[in-house]
Amino acid sequence: MSPAPRVLVTSTFRDSINTNAGIRTYLSEGFREVLGTDAITVRPLELAPEAVLELRPDLVIGVGSLVPDDADLRGLRRAVDAAGSRLALWLHDDPYEIDYAFKAGPLADIVFSNDSWSVPHYRHPNVHHLPLAGAPKIHLRDLKPVEERGIALFFCGVAYGNRIDLIRRADALLARHAVSILGSGWPDDLRSTTNRRLDAKQMADHAADARLTLNIGRDLDIANRRYGLPAATPGPRTFEVALSGSAQLYVVSGLEIGTMFEPDSEILLVDSVRDIALALERAYDDPAGILAIAAAAQARALKDHTYAVRARRILDLCGLAGPSEG
Amino acid sequence: MAPYAILLLDTEPLTRNAYITLAIADALRRDPRVARVVVADHGDAIARFQTEGLDTFIAFGGARTHAPLLTRLAALAKLSILWTTEDPYEVDNNLRFSTAFDIVFTNERSVVEAYGGRAHHLPLAASPLFQDLPVLRDDARYRYDLLFIGTAWPNRVRSLNAILAKAPRQLKVKLALPYNEFIGKPALDDPSPLVDWRCGNADFARFANASRVVLTLPRAFSNASAARASGTTPPPRLFETALAGGFQVMVSAEPETGDYYADGSEVRLCADDDAALAAIAEALAEPERRIAMAEAARARTLAEHLYDHRVARMLDLAAGTPSARVAPPTLRSRKTVLYLTHNRAGRRPGGGVEVYQEVLTGLAPDYEPLFLFPVLTGGEYELRLEGRSVSETFAAAPATHHTLTDPGIEGIFEEILFRHAVDLVHVHHLLHLPLSLPLIAKACGVPVVYHLHDHYLVSERFLLLDRNGRFEDVVGRSRDERDASLLDAEGHPPGSGARRDLFMTQVVSAIDAFVTSTPFTGAYLRGYYPEIPAEKVVEIEMLTPGEAVTSPAEQTRSDWLTVAVVGNFAPHKGAETVLTLIRLTQDYPIRFKLFGHVDQRYRGRLVDLPSERVVQVGAYDQTNIVALLAGCDVSLHLSTWPETFVISLGEAWLAGLVPIVTDLGALPERVSDDVDGFVVPPDAPGAVMQRLLALHLDRERLARMKAAVRTKRFITKEAHLAATAALYARLIDAHPCPHDRVPDRTSADYSLTLFDAGIRVNARRWTSTGIAWDSHYPAALVSEATPEVEATRVSLEDALPPAHADLPETLFDLDRLTASSDWYLDRFRLDRQTVAGRPDGTVVLRDLSLRGWVRPVSGKAPEATYLRLSGPETTFYARLTREGRQDLVRGPEDWASAETGFTGRVAIAGLPSGLYAADLVQVVAGQRLASQDFFRVYLAPNAGVEHPSPWQPGWSGTVPSASGPVRAVRQNLPEAAGSLVALGSDVWAFEAETDLTEPGTVTALLIPAAGGAPHWLRAARQALPDGSRFAFAAAMETLEPGAYALRFVLGDGPDACLLTTETELVRAPGSARARLAALPPPGFRRFLAKRVKSGGSLDQARPDAADTGMIRCIGWAFQPGYGPPLTTVAAWREGGRHRYAISAAIARPDAAAHLSDPAASVSGYDLAVPEAALRTGGVRLYQCYASRTVEFGGFQAKVRAQLGIG
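Chains A and B supply the protein sequences, listed in that same order. If you count by the UniProt record's numbering, then the first sequence holds residues 1 to 326, one letter each, in order. If you count by the UniProt record's numbering, then the second sequence holds residues 1 to 1206, one letter each, in order.
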């Protein structure tokens, strides 16, 4: 059997401004699960070229964003060339930053985008859809009986315009329940929200303690002027919350969710405030049904939506498929 | 013509329908007649079309946006196809610009006739790429009953409310109702549905597939827009929904819809909301029938309404239809080359690049030259375009330092490329220009040559020197090291180098050829950018002007070794090494001759060196340098940076000298060590000394090497131009630019930007750490600094209106009030440059503007405020605009302060030139309050320039013999006994008249009294009824100190004539406005001088920082009874001879007031005398009057006292 391919995981920009460096760690854990610990090296971008030259991995994968112009990806590419390696980029902020997709052209051998609708809009010849995922080490929680959960409905996130609009419409309803709607930027006039940030583990704990977790997409473009693409693929919170064991209310702005979780049995889709009200009623009237959804979602996420699964997909598409499970 | 190799371009860089272009490309690739399809962006469309051997151009969208680029692409293609999608709204523009295409397709049937037979109808369609979903046959699997996705026009919201209210049951609806601020949030009767979301087309197809009914509602226009044309052909949503398996109910659909789908069997077309409600109810009640209709519609789509079908029809018609192109753009036999550069000879002082780029004009007429370069004065920035019959100035950005992109300049550049039919861009420098311009040229299909005069593509520090002046080898340096260097040397924030590098990587990819003078520079560039293919680097030896000297003008002294140091004496040229070397060799008979400008910092250090060993020749005329070098033995070229050629090395060889060069850059490539010169390490004076001694002590070796030098040959100008022309020809052949002559198309909107070309940057500058998000883009690129808003222009009148003219005038002395609390000038700008204080005689060429306020007089705000300009011929009035100044109100009783602001810009074109006194006149309470002599300016509108022109050294033309005089009419410099005196900080505005009317360029010459090549600049010329006026405004900074005579040359070549003036000028070496002379001024009678002990004031005596060894003396002197003084002069003896410092007449109204004698108003002096003379004694001060010379005793003692000399 040929030795496992060696993979170096890095970021696409400097750690000093990287608020998503966690994803790099999650992915490296995923790779370790697939290829074994020794095959994986993790380095921030600042240290990656040196490590590439020293370790000569088979694959270098940069995770993140192509927005910052000061990222020395050219230096990374040079090191990859010198080492005879291949450079993959996993860009996880599409479509919100797709104006910068042009940068991938001369840099990457293969590109992965988190968003399916963004993929055909790349000019790069080798682009694939790869949603983000959940990291069991961080996000997985034991399933708690629904009746014991202290939070009726949980949400945590930045108060984008679409989220404020939705919560405002549902505010009267939500304020009657023991909800925990957290994050930053919530306006004062909302009764049901609290401006409070959570880290990844706290987020998982909150979800695990929630009968329902609301899933509202993002509507904030950083660099999406050229095509104004709407997002199609659910965000990473979908997979993380599933691992944490909460049934999710997915606010529908696309139906790709149905390819990831089975509607009704693994996730609840909502299209109206009325749907949210009905789900809240059910969370108290049918705790067993809600727990079943949470359990099914958790199982599905562990099967299909972990970073190990994504790592395996990356290796497949790069022609470096690792040893199969079992 | 088959198979087709197609370039497909979405004509809108900003589009919400990019997926349709992808769908068309997908369909084209399936067509058997198509070999290849390339989907391009505006930035690379032409380049890819040419380099990938494509033959067919399909423009999808419209013909208006970036029409010149589309027109050029169409001209390059064997077959050009336009498929418009915005008709009927854009039909006028599409008609206008579509004449560039062979065949036109419009998505709108109703406008086909408008194209006059040139267009065919081609509706949009559906694509298996995004919408191919089978109809759900199990009714239970549908997630929604009703889907509506569309803008929330009020009529649609009303329809939805009506339909949902009357629906047979609570429908499971999915609604997306995007809105904007004009139509407002949709007010649904049922507020529950979440309607503010959007999805991509693939998701739309999923929704359609998952909905039992897909509803289409019309958009009802308001009355105001009823006349607006609306289309008859349905949008692509019709076909997409059908392919996605959706069942469609359409309200008020255009009848044309029935041509695509059958009502009742494939779709339901309903006249109104009630009919739609009935159709929906029926569909929900009869799922089998509904599903059958959806199946039928999908089958119809697969059979007729895919992009495959549209593409097939397009190619069928294109093959069988004669071209409808009108006057397609053509190639021209004479090509135009745009030289993009940072400066041009005749503007700011320059060097070899400025000289060289003018040499390339020798390629005309085959390659007609155009020059585009920035003009920077103060904070002002403009672009100048100059050519044989072109002289244009473009107002541009406030500043371009470190700029990656500037949308305004990019648009200007695009317009120049197209409207001036540019075939090739030859970049000499990108300093002070947005780095994006080569990318814009590439987008326009114009090939780009970049001349590697230095290392600017590699680093902003283009000499590659670190803070200590040492070579910094940046190839292979890490990002952190580069950051450290930029932070250390320039203060740029971390990441700056990476930002510049990232962008430059794209810039170099847009350049078609890099010209290097020797292999080194090209190789170094490729070391930094390995992605540059070797074949893009073209070596063309730089020109070495001059001819070999066969008979030395000065015989070599066999007992001395003479070493020439040629070129600027500056740190990067090895000045420190030379200075050390001079000291090292002090015991040997080795002397050094310094040819060229000596950097300010070295002047003092050179003064102390013995003159028999160090000779400063000073600035030289490049055409004479070879002759000047004759007699020297060795030349030093000890640059500390990797030079790209060094012209002076060739000149030294031509003069027969043995060069010693540093082992950096091009120098070691050109010199064979110990054969025709020596190569030494940089910063190694000891090594240089060893070589000098080797030659000095071994004269045979010196002779042998000189003999080797004499065999050196250099590229001729003809060969150089031929090599350049060959490069141009090759690139133009590979990237031909058809030029359009159809006014309807060329009078387009030129607005191509870097963003349109497909490249986005975080910020305007690479030194900026910010990242502009969509909400601030592209506004953030225009400028990070708010440019100063220029005041509104106000007109000039030659009289006040009668109502104000008849009022009594009272003096109002602002100087007695307190600036900033009683009055203030917030902004005062002359020629767009902010000035501090109140000017006294500053030269103005274009305009002046001011903004300020004066506190209310007697609590009343002025009725009007005027600027009164009193000049040499007449007086003009400009009524300033009143400006509300709420910021000045100090309390409820002070309302009048809010109305005391004034502002205005006065353009001076057409005014007689001369000195003007400006009064601020306010009309208040029935009187005019006049603040007289508010400031003084010298208006020079006839100079014909927007910025002063510097004197250029080294007039290379032949000075013809004199053929007539010109009469000096007016100028602004003060006179010192017959000669004008100029300081380096002066602007000289000069105007003269002549009877001559012959056409021709006018060149002003300053002929040095000491001999040598004249300095020159181009003067403006205006026709007068019986002659001509010559005028110029000259910056005096670059003029070497000395005495000159002013001449004009009219015309060029052998027919040029020389016109004399009586004007003589002295450029003073220091700060004192005086000239040094060996002869006394006229009227000076030393021996009959009356000696007085007092009668004046020495205000100041101190060393002149700008003129070493001289003491500048400022004061006034006056003896009553003789009338006004003519000249003030200091006299002393130096080396046994008399010397004089003759001061210009300095106005001293204070002295006149003090003495109550108006004759004393010009009693001031400003002169400089040698400190040495003051120390040895004998400096006297005289004043010449018409009938008497007066000596003011005690002058030297006063000066010595102020200097503390005992």
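The set of hints was computed from the structure by calculation and includes no laboratory data. You may find that some hints are simply not true.
[What the hints assert, rightly or not] Pair by pair, the computed Cβ-Cβ distance ranges are:
#1 B:E358 <-> A:N20: 36 to 44 Å
#2 B:E539 <-> A:D199: 56 to 64 Å
#3 B:W560 <-> A:A82: 49 to 57 Å
#4 B:F182 <-> A:N195: 13 to 21 Å
#5 A:T19 <-> B:A726: 31 to 39 Å
#6 A:T19 <-> B:E669: 29 to 37 Å
It should be emphasised that the depicted structure is a prediction, and the values quoted were computed from it without experimental measurement. Positions of the beta carbon are idealized from the N, C-alpha and C atoms, including for glycine.
Against the structure, the hints come out as follows:
no. : hint                          : in the structure
1   : B:E358 <-> A:N20: 36 to 44 Å  : violated, 55 Å
2   : B:E539 <-> A:D199: 56 to 64 Å : holds, 60 Å
3   : B:W560 <-> A:A82: 49 to 57 Å  : holds, 56 Å
4   : B:F182 <-> A:N195: 13 to 21 Å : violated, 32 Å
5   : A:T19 <-> B:A726: 31 to 39 Å  : violated, 55 Å
6   : A:T19 <-> B:E669: 29 to 37 Å  : violated, 50 Å
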